[in-house]
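K.L.:
Sequence:
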Amino acid sequence: MAAAGRQCTVCGHSRVRDIDRLLLNGTPASEIEAKFPGVHRRAIDRHKNNHLLPKIRKVDGLTRDDLEDGRSLLSQMEGLRERASALLDQAEKANDLRAAIAALREIRGTLESIGRITGEGEAAGVVVNVFTGPAWVAVQTNILNALVPFPDAREAVVKALEGVDSE
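So for the sequence shown, numbering that gives the first Met the number 0 puts the first residue at 0; every next one is plus one.
Everything labelled a hint here was simulated from the structure, so no lab data went into it.
This one's a predicted model, so the numbers in the text were calculated from it and none came from an experiment.
Where a beta carbon is used, it is the ideal one built from N, C-alpha and C, also for glycine.
Among the hints, erroneous ones may be present.
Computed spacing ranges between beta-carbons, pair by pair [as the list claims (entries may be wrong)]: (1) D151 x T26: 28 to 36 Å; (2) G108 x I142: 35 to 43 Å; (3) K54 x E30: 20 to 28 Å.
Straight-line alpha carbon distances no greater than 25 Å define the calculated SDA-like cross-link-like pairs of lysine to any residue that follow [stated by the list, open to error]: (4) K47 x G25; (5) K47 x S13; (6) K158 x V138; (7) K158 x L146; (8) K54 x A145; (9) K158 x L23; (10) K47 x Q6; (11) K47 x G37; (12) K34 x T8; (13) K158 x C10; (14) K34 x C7; (15) K47 x T8; (16) K47 x G11; (17) K54 x A42.
Given these sequences and hints, build the entire structure.
P.N.:
Structure, rendered in structure tokens:
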């Protein structure tokens with residue numbers, strides 16, 4: 000709810016889940032405003048700051064900065080992979096087998112790291128902690144949004160989620 004008893008425009012929107020999903024993915028408020036007529040940029044920003052981010056912090060302890068840090072790390076790994084690929088191209092053109100093999104090792108290592116970050120290509124027996132990922136935050140946010148009309152149930156779910164062991 001907004002101040003003075005007015006309902007948040009976004010919370011009352013029929014497609015609030017779609018708007019929240021876009022916000023969680025880092026979509027700028029101006030793009031969301033263009034996709035959802037009648038929902039204004041300032042309302043989207045207020046919704047994000049006053050409703051969505053506090054839910055995320057409460058449910059999982061993550062902030063938007065934490066999510067951006069994860070994306071930043073993945074972007075950096077992609078950049079390293081691209082640089083190693085360019086070095087491989089140079090080594091192959093120069094017929095430098097040692098340099099080519101070294102570049103291939105770097106590419107392989109970078110791809111393995113990217114796989115660990117994204118959860119792709121996990122070996123059997125490897126445990127992936129889904130409780131810290133953006134997808135889990137989105138699931139929890141959707142559950143809490145669905146329970147807005149049922150405050151007692153919502154409170155019970157929040158308490159239950161706080162007790163989930165993420166180790």
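K.L.:
Hint by hint, note whether the structure agrees.
P.N.:
Verification of the hints:
1. D151 x T26: 28 to 36 Å: 33 Å, holds
2. G108 x I142: 35 to 43 Å: 38 Å, holds
3. K54 x E30: 20 to 28 Å: Since the Cβ atoms of K54 and E30 sit about 21 Å apart, the hinted range of 20 to 28 Å holds.
4. K47 x G25: 11 Å, holds
5. K47 x S13: 16 Å, holds
6. K158 x V138: With a Cα-Cα distance of about 16 Å, the restraint between K158 and V138 holds, given a limit of 25 Å.
7. K158 x L146: 13 Å, holds
8. K54 x A145: 13 Å, holds
9. K158 x L23: 23 Å, holds
10. K47 x Q6: At roughly 14 Å apart (the allowed maximum being 25 Å), Q6 and K47 satisfy the hint.
11. K47 x G37: Distance ~17 Å between K47 and G37 Cα, so the pair holds.
12. K34 x T8: Holds, because 15 Å separates the two Cα atoms, which is no more than 25 Å.
13. K158 x C10: Judged against 25 Å, a Cα distance of about 22 Å means the pair holds.
14. K34 x C7: 18 Å, holds
15. K47 x T8: 12 Å, holds
16. K47 x G11: Cα-Cα ~14 Å, so holds.
17. K54 x A42: OK: K54 and A42 at ~17 Å, within 25 Å.
The structure is consistent with each of the numbered hints, conforming to all of them.
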